[in-house]
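Let the hints inform the model, and build the full structure from the sequences given.
As given, the protein sequences belong to chains A and B, one line each in that order.
Each residue of the first sequence is one higher than the one before, starting from 0 at the first, in numbering that gives the first Met the number 0.
Each residue of the second sequence is one higher than the one before, starting from 0 at the first, in numbering that gives the first Met the number 0.
Check before you lean on any hint, since a few could be wrong.
Stated by the list, open to error - Part of the chain A face toward chain B, derived, beta carbon under 8 Å: (1) Leu90; (2) Asp93; (3) Glu190; (4) Ile191; (5) Ser199.
Unchecked claim - Calculated lysine-lysine pairs in the BS3-like style (CA-CA distance at most 27 Å, straight line): (6) B:Lys312 - A:Lys322; (7) B:Lys51 - A:Lys195; (8) B:Lys195 - A:Lys51; (9) B:Lys51 - A:Lys346; (10) B:Lys346 - A:Lys312; (11) A:Lys85 - B:Lys312; (12) A:Lys322 - B:Lys85; (13) B:Lys312 - A:Lys346; (14) B:Lys346 - A:Lys51; (15) A:Lys312 - B:Lys322; (16) B:Lys219 - A:Lys51; (17) B:Lys346 - A:Lys346; (18) A:Lys219 - B:Lys51; (19) B:Lys85 - A:Lys195.
Keep in mind that the hints were calculated from the coordinates and are not lab data.
Cβ atoms here follow ideal geometry from the backbone N, Cα and C, with glycine treated the same way.
There are 2 protein chains.
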Amino acid sequence: MKKHERNTYLNSIDLDEAVEILLGSLADSKKTEQIGVTAALGRVSSAPVFAKLSSPYYNASAMDGVCVRYEKTASANEKTPLRLKKNTDFLVVDTGDPISPPYNAVVMIEDVVEIDDETIEIHSPCSAWQHVRSVGEDVVVGELIIPSYHEVRPVDIGALLAGGIQTLEVIKKSFVTIIPTGTELIENPDEIAEGKIIDSNSHMFEAMATEAGAECVRLKPVADDYETIKQTAAAACETSDIVIIGAGSSAGTEDYTRGIIEEIGELKFHGVAIKPGKPAVFGTAGNACVIGVPGYPVSAYFVFEYFVAAAIKAHLGLAQQDKPTVTASLTARVYSSLKHLEFVRVKLGSVGGRLVASPLSRGAGVTMSLVNADGIVKEPKNTEGLEAGAVVQIELMPRGGDISKETLI
Amino acid sequence: MKKHERNTYLNSIDLDEAVEILLGSLADSKKTEQIGVTAALGRVSSAPVFAKLSSPYYNASAMDGVCVRYEKTASANEKTPLRLKKNTDFLVVDTGDPISPPYNAVVMIEDVVEIDDETIEIHSPCSAWQHVRSVGEDVVVGELIIPSYHEVRPVDIGALLAGGIQTLEVIKKSFVTIIPTGTELIENPDEIAEGKIIDSNSHMFEAMATEAGAECVRLKPVADDYETIKQTAAAACETSDIVIIGAGSSAGTEDYTRGIIEEIGELKFHGVAIKPGKPAVFGTAGNACVIGVPGYPVSAYFVFEYFVAAAIKAHLGLAQQDKPTVTASLTARVYSSLKHLEFVRVKLGSVGGRLVASPLSRGAGVTMSLVNADGIVKEPKNTEGLEAGAVVQIELMPRGGDISKETLI
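As structure tokens, then:
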């Protein structure tokens, strides 16, 4: 009954306060690196980028046809066509060919009447620079192509290359080390037995960290031995921006994360007033931040989403983005405790053209409630629940469910 | 004046009809492959997946504490606490430890009073299975984890692993070959000169194809030589699902794409009633589809988006998704031709709390109008334009602009 060895929570602080502490604890200066523009999809610029070249670099024909001097075409009309001589009055041009002085307009091929190999007729006057793609129409030298802290999209890659840019300074991705802990963890399902659990959370974390824009390494599960976990965490803090310790974040006898953070760094909070996800623990060690994520899958998901993904976004200099929401009415009453902000998983459906939300299982361990959820209702602290029929805002799960477009409108 | 060598458009068909022809021409049977679940993020399942194991695999303690037989605790209350003997009446358990017969309930450590090393007292009766995480709470053996044609998310990876699944059958990614064409194309901006253009479109295509979920190879630019382009395209059709020929899709003297498709396969359409993007050409050759994309960057973007990206999604068995939209009023009149569906790039802003959309440059070659756009107004065929003040639907550009959340609500 090693009761004296049990931790107690510091206290459960509110989610907003916890996120603020976490974001305030991140190292301020951003690490950057130079990469090729063609490898920059999804990366974040660390400085504004200006065009080095104009595109097009020269006045170019925008049509197949002939180039002429527009000043000399004023007299052309249907009744008195204008005859022009090759290489004196006009040149044959294809789309993209340069238009150089003295030429300053293009007549499209459809409007040219061929008289012989050397002679053409046109039937209307030209305006200056007609059908000419002028220097810099696409991108002008010196023009801002992308600002700083901009996530590079395909169109940006096109514009950067067209503007003569080959390499780009971007924010380095956060380096995340994931340390699954627990003597009960196995990696091979063939070894399943009473007392054994397949390590699935750490792979979910890997995928979430990758989606959030981090580089990520997952270690093999570490047994519940305080010294081994401490040494593994301390080593990871030397090389990582963010260290995740999976499980062991609560206040049980084998919950070592808090003690380890206190020993190798500085504890910032332990316990957040959210459900699932209460046993989150956070601290810093050197330049790394260490996040203890609970072992229950659904708790783990929310703690990762609100803390780890937020830290990764902040490292990249990106704003924390609100999730898309819909409004629906609850099909059943949801009870809740006064002490926590609760994340209620719901399934959406349409009844008589109205969007309705059915609460799914509440357990912190019920992974399938997360897989099957279309969205999350946030049930605020200090309320005892939501009545059936209550109209609530629902944060949509990424790519969740099969809500038909009509249902949503 | 090689007028006789010029192509003419088949005719300009409507966008919807063109997309229908394209999707109807795709090979029907989907290629699949087996991959590890941990590498499946973003991949698309080709069949429903059911759990092979329950998780947890055994009844597990949900708390640190002691496990007891609930039937024997009925008499416990504050006035007459119940004394229990270690290894006879109770066992000490940590969270996750197995609860095996005859035990069937857990008392949390906070509710246990230690009398001596062998004896405890409890002050209230237990209910059956209290604080026990029962077999399959997380995932039940045989339960559907993900359906077919489901894009794998981090939570799915967690649930699949927890359900004993290690490998997954997924749809093979489309293999896309991009062939930039044009004697004027250069890859190194130091070689810029009159008549030279930096090849930027093909790299934008590479990024767009990757984002859409394809595997992609980009060839070096091929000069404007009919035979060389034809051989390159024919070879690409042997190994690819989709072959993109960049530039040469119009009706000029050096626009070879249509002729090449007619020679190596079957032409399906040439010319779509959209602006920018009219000179799109599409056909099939063997099992590959060949898409001729115009050379102007903005035309290229829209043709890629509506045809290539759509083909990639269809190959994956995914529904074509509508883009998120907002409603705004136009700040200026937009003129347009009766003959085309027009894509008008707009910048969004807020005036007096109302969302307004300012049209940007209309040119097919103005890449920066796409980079700077927050969204696209679709101006239908058979309308002469939209009046200033008209309230229009705007398709938001992916990650476009910096429209503040408040502006949008």
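Checked hints:
Given hint, Leu90 of chain A at the interface with chain B, is violated; its Cβ is 12 Å from that chain's nearest Cβ, farther than 8 Å. With a cut of 8 Å, the hint placing Asp93 of chain A at the interface with chain B holds, because the nearest CB-to-CB distance is about 6 Å. Residue-level restraint check for Glu190 of chain A is violated (minimum Cβ-Cβ distance to chain B is 11 Å; threshold 8 Å). For Ile191 of chain A, the shortest C-beta to C-beta distance to chain B is roughly 5 Å, which falls under 8 Å, so the interface hint holds.
Checking Ser199 of chain A against chain B: minimum C-beta separation of about 4 Å stays under 8 Å; hint holds. Between Lys312 of chain B and Lys322 of chain A the CA atoms are separated by roughly 24 Å; this keeps the pair inside 27 Å, and the hint holds. Restraint check for Lys51 of chain B and Lys195 of chain A: the C-alpha separation of about 15 Å stays at or below 27 Å, so the hint holds. Of the pairs offered as hints, the one joining Lys195 of chain B and Lys51 of chain A holds, with about 15 Å between alpha carbons and a cut-off of 27 Å not exceeded.
For the suggested pair Lys51 of chain B and Lys346 of chain A, the alpha carbons sit about 25 Å apart, so the restraint of at most 27 Å is met. Only pairs whose Cα atoms come within 27 Å are accepted, and Lys346 of chain B paired with Lys312 of chain A is accepted, the gap being roughly 26 Å. Restraint check for Lys85 of chain A and Lys312 of chain B: not satisfied, since their Cα atoms lie roughly 50 Å apart, outside the 27 Å limit. A hinted pair counts as satisfied when its Cα atoms are at most 27 Å apart, and Lys322 of chain A with Lys85 of chain B does not qualify at roughly 51 Å.
In summary, the hint linking Lys312 of chain B to Lys346 of chain A is supported, as the alpha carbons are separated by about 26 Å, within the 27 Å threshold. In summary, the hint linking Lys346 of chain B to Lys51 of chain A is supported, as the alpha carbons are separated by about 25 Å, within the 27 Å threshold. With a CA separation close to 24 Å, the supplied pair Lys312 of chain A and Lys322 of chain B stays within the 27 Å bound. Restraint check for Lys219 of chain B and Lys51 of chain A: the C-alpha separation of about 23 Å stays at or below 27 Å, so the hint holds.
Annotation: proposed proximity of Lys346 of chain B to Lys346 of chain A is violated, straight-line Cα distance about 36 Å (limit 27 Å). A distance of roughly 23 Å separates the Cα atoms of Lys219 of chain A and Lys51 of chain B; the hinted pair therefore holds under the 27 Å criterion. Proximity of Lys85 of chain B to Lys195 of chain A is assessed by CA-CA distance (about 24 Å); at most 27 Å being required, the pair is judged to hold.
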